[in-house]
Amino acid sequence: MSVIIWCMKKLSYKDFFDISTIVKQIHEYMPKFNESKFIEAFEFAASAHDGQLRKDGKTPYVVHPVMVVQILAQMHADEDVLIAGLLHDVPEDTEYTTDDVAKRFGNNVAFLVDGITKLSKVYYQDNMPAREVESLKKMFLHSTKDPRVILIKLADRLHNMRTLKYVRDDKQLRIARETLSIYVPIANLLGIQAIKTALEDLCFTYLFPEEYQKLTVKVNGFNKRHKRVVDKMISEIESKCKKDGLNVEVQERKKNLYSIYKKISESGKSIDDLEDRIALRIIVNEDSDCYTALGKMHDLYTPKHNRFRDYIASPKPNGYQSVHTAVFGPEGFLTELQIRSRKMQLEAEYGIAAHFFYNEKDKILNDKRSSWVSKIIEIDKSEFDDKDFLDDLKLDIFEDRIIVFDAKGTTVDLPAGASVIDFAYAIGGKSGDELKKAEINTNSVPITATLKSGDVVKLITSKEVSPELWWLSFVKTNFAKNKIKKHLKKISKQKKITLGYKALQKEFDISGLGLVEKISFKKLKKAMKEYIGENVNNLEEVLMLIGEGHFRSIDIVKAVQHSLKYDENIKVTLKIVADNRFGLLKDVYAVLYEHVSDITFLKAWTSRKQKEAYFTIKVSLSDVSKVARLFSELEQIQGINHVYRISNRALMTIWGLSFITATIWILHPLATSYFLKSDFFLENRIISEWILNSTLLLLFLSIFYLTTLVRKYFPIIRNKKRLWLIIFSIPSLAMTVLFMEMFYFELQLSWFTVLVEVALIYAYLTRNFMSFSKGTN
1 MSVIIWCMKK LSYKDFFDIS TIVKQIHEYM PKFNESKFIE AFEFAASAHD
51 GQLRKDGKTP YVVHPVMVVQ ILAQMHADED VLIAGLLHDV PEDTEYTTDD
101 VAKRFGNNVA FLVDGITKLS KVYYQDNMPA REVESLKKMF LHSTKDPRVI
151 LIKLADRLHN MRTLKYVRDD KQLRIARETL SIYVPIANLL GIQAIKTALE
201 DLCFTYLFPE EYQKLTVKVN GFNKRHKRVV DKMISEIESK CKKDGLNVEV
251 QERKKNLYSI YKKISESGKS IDDLEDRIAL RIIVNEDSDC YTALGKMHDL
301 YTPKHNRFRD YIASPKPNGY QSVHTAVFGP EGFLTELQIR SRKMQLEAEY
351 GIAAHFFYNE KDKILNDKRS SWVSKIIEID KSEFDDKDFL DDLKLDIFED
401 RIIVFDAKGT TVDLPAGASV IDFAYAIGGK SGDELKKAEI NTNSVPITAT
451 LKSGDVVKLI TSKEVSPELW WLSFVKTNFA KNKIKKHLKK ISKQKKITLG
501 YKALQKEFDI SGLGLVEKIS FKKLKKAMKE YIGENVNNLE EVLMLIGEGH
551 FRSIDIVKAV QHSLKYDENI KVTLKIVADN RFGLLKDVYA VLYEHVSDIT
601 FLKAWTSRKQ KEAYFTIKVS LSDVSKVARL FSELEQIQGI NHVYRISNRA
651 LMTIWGLSFI TATIWILHPL ATSYFLKSDF FLENRIISEW ILNSTLLLLF
701 LSIFYLTTLV RKYFPIIRNK KRLWLIIFSI PSLAMTVLFM EMFYFELQLS
751 WFTVLVEVAL IYAYLTRNFM SFSKGTN
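For the sequence shown, the working numbering gives the first residue as 1, with consecutive numbering after it.
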């Protein structure tokens, strides 16, 4: 305590910054800056935070808002933003309120401050995570009216990350994860690469400290080894452009450590094996000079095929513009070149904040790069659970973005990984609800196909089509999910249950879990409560909730498998039955290549007249959800009639049991004849009759068990009515043999016992057939 008191006496804010120097820096880009108002705000903040320290125990708290202002000043922020930056923690951490801020500095400043101010700790003292989420929602709500709120929050988060070492370890990890999953994507969406990359690398140091240290050493070593090549290339480019009368500035673009780490992790390559590890940025005066410079670079060096990207003609969703190409530079080093104008460079670094540099404050309010905030408000309205809100936020908004085109060339902005169904709902109208088929770049594709940037999508719709439950497994955007769920909620309860049963049984078949009705509901309920967070009363309720899209059948399968401790690496043997056509194998392999981690066996053959094609394939997949997606996309290939999973163990069991049963039936008359002639039979009639009845019951039970196995593991048989005739005929054949034995050997068996056994088996088969018929209607 004495040390802290000594530090408080010794250290003042003047030991950390000179406010007059900061004012001077602001005046350089804003000559008409109201200095007196700014100083008043600073003094008010210093007074309000008087006695408060940062987490290091010695730094006056007011240092933090001033550092935030310095970050904002680098973006040439306007006066209101700078003052709000000074005051952003006053209502949250001091006795003053937002109303006090409004009275002293105006409503505009107060609105900006209120947008960043977290909700009351007292109100949320029993649920602090909820406070964080609700405060986040509040910030987004304010940002729909004024995006400058987010700029202040990003500056606030950047300085907090720079001083994160002073908080306890568990909090470091939580804040770093939150920053990487929420604030880094926000900076990216707004096009502010300077803050995005800074936050990424700071998060990297806390989340993966060992990897950060190792990669730092490797990158420094790489840069040192290749400095001569980089310097030579810069010199060659400058000489070429100077000779041709083109004014350029050439910079080495040093990729941030986290982006390098992601590439290494995703590709499995070393830093030396990464393509275009060397990157240069060529900055020209005017936009038109970009293409002139591009031509000169392709004259000077050999370009690599398929590496040209024109983000000037087609900007990225965050407004980024530049021409990208890759060339083989000195000594054959593949080098990425980014060619852009000075204005584009400013936009790339500061994104939406670049308007400050041109005194275009009003344009920030209408910049399309902040339009995604309104989508967040839609998510908030549709989700009542904080976890669902954050999940949708990350999936629907904060994912990397792609740009695709409709048939007329109109651009559509979607999250990476979006499907054709997402696209159909995004373009509006009835395209989503009536989606039947699709083409990507003139090629027919399943409606579940994943889109990539630059794809041209053509939709084929039909009024006879309506949204299907299984679509929910293949859409990524919250908007599409809500549209599909809205349709599903309109259907009847019985229809929901039927849809839910079909969906869940299909996932059970794909995952090898057997029949839905055979699973213990007690175990199912426990798994759903533990891994999904749902408390259900009966199986019918589960099926209805699946049928209306409340949760996915795949999530239930994951919960069940998790509770049963299934191996994550899934090996699947699947059988495909299709109409034979040219190109079928290529289409099947393309889907396999997209989803499986390994193919260990593939056999394809045709029927005698080559009308039908058959495939048996053994694959490995990393996740049960990938199994479901694989089956769905295979089923959508033109000509494919059935895709089902084969259980080799079940197949061997069925064949083995069938052989044993058939053998017993064949030998049964001989064994019966021998038994009837034995002394034991004559001397122990009651016991002997009991043995004969028991053996008959055993034979009937073996047939019963065989039928159950077939239904459990072979859905193609389960779902064929004509194959049920075979199942019914087997007990009939068994009874015929039995009656022949009874008359031939003159067995004095109890007809009542025999008929009861037969009646029970047929009752069981009839009940299952009725269940099947109900499920297929």
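These are calculated hints, taken from the structure and not from any lab test. Take these hints with a grain of salt, some might be off.
[Said to hold, decoys possible] Okay, derived cross-link-like pairs now, DSS-like style, lysine-lysine, Cα gap no bigger than 27 Å in a straight line:
1. Lys316 with Lys242
2. Lys518 with Lys436
3. Lys296 with Lys262
4. Lys486 with Lys529
5. Lys343 with Lys408
6. Lys436 with Lys262
7. Lys165 with Lys232
8. Lys476 with Lys437
[As the list claims (entries may be wrong)] Pairwise CB distance ranges (calculated):
9. Arg342 with Phe17: 28 to 34 Å
10. Lys262 with Thr302: 42 to 48 Å
11. Thr573 with Leu698: 18 to 24 Å
No residue lacks a Cβ here, since even glycine has one placed at the ideal position from N, Cα and C.
Hint by hint, here is what the structure shows:
1. Taking the CA atoms of Lys316 and Lys242, the gap is near 31 Å; set against the 27 Å cutoff, the hint is violated.
2. For the given pair, Lys518 sits about 35 Å from Lys436 by alpha-carbon distance, which is inconsistent with the 27 Å threshold.
3. For the proposed pair Lys296 and Lys262, the alpha carbon gap of about 32 Å is over 27 Å, so the pair is violated.
4. For the hint pairing Lys486 with Lys529, the CA-to-CA distance comes to about 25 Å; that is within 27 Å, so the pair holds.
5. Taken as a hint, the Lys343 and Lys408 pair is broken in the structure, with Cα atoms around 30 Å apart against an allowance of 27 Å.
6. Proposed proximity of Lys436 and Lys262 is contradicted: the alpha carbons are some 37 Å apart, above 27 Å.
7. Note on Lys165 and Lys232: the hinted pairing is violated, with a Cα-Cα distance of about 40 Å set against a maximum of 27 Å.
8. Our distance criterion of 27 Å between C-alpha atoms is met by Lys476 and Lys437, whose separation comes to about 18 Å.
9. Look at Arg342 against Phe17: about 30 Å separates their beta carbons, and that is inside 28 to 34 Å.
10. Separated by about 28 Å at the C-beta atoms, Lys262 and Thr302 break the suggested range of 42 to 48 Å.
11. The hinted window of 18 to 24 Å between Thr573 and Leu698 is violated, with their beta carbons roughly 32 Å apart.
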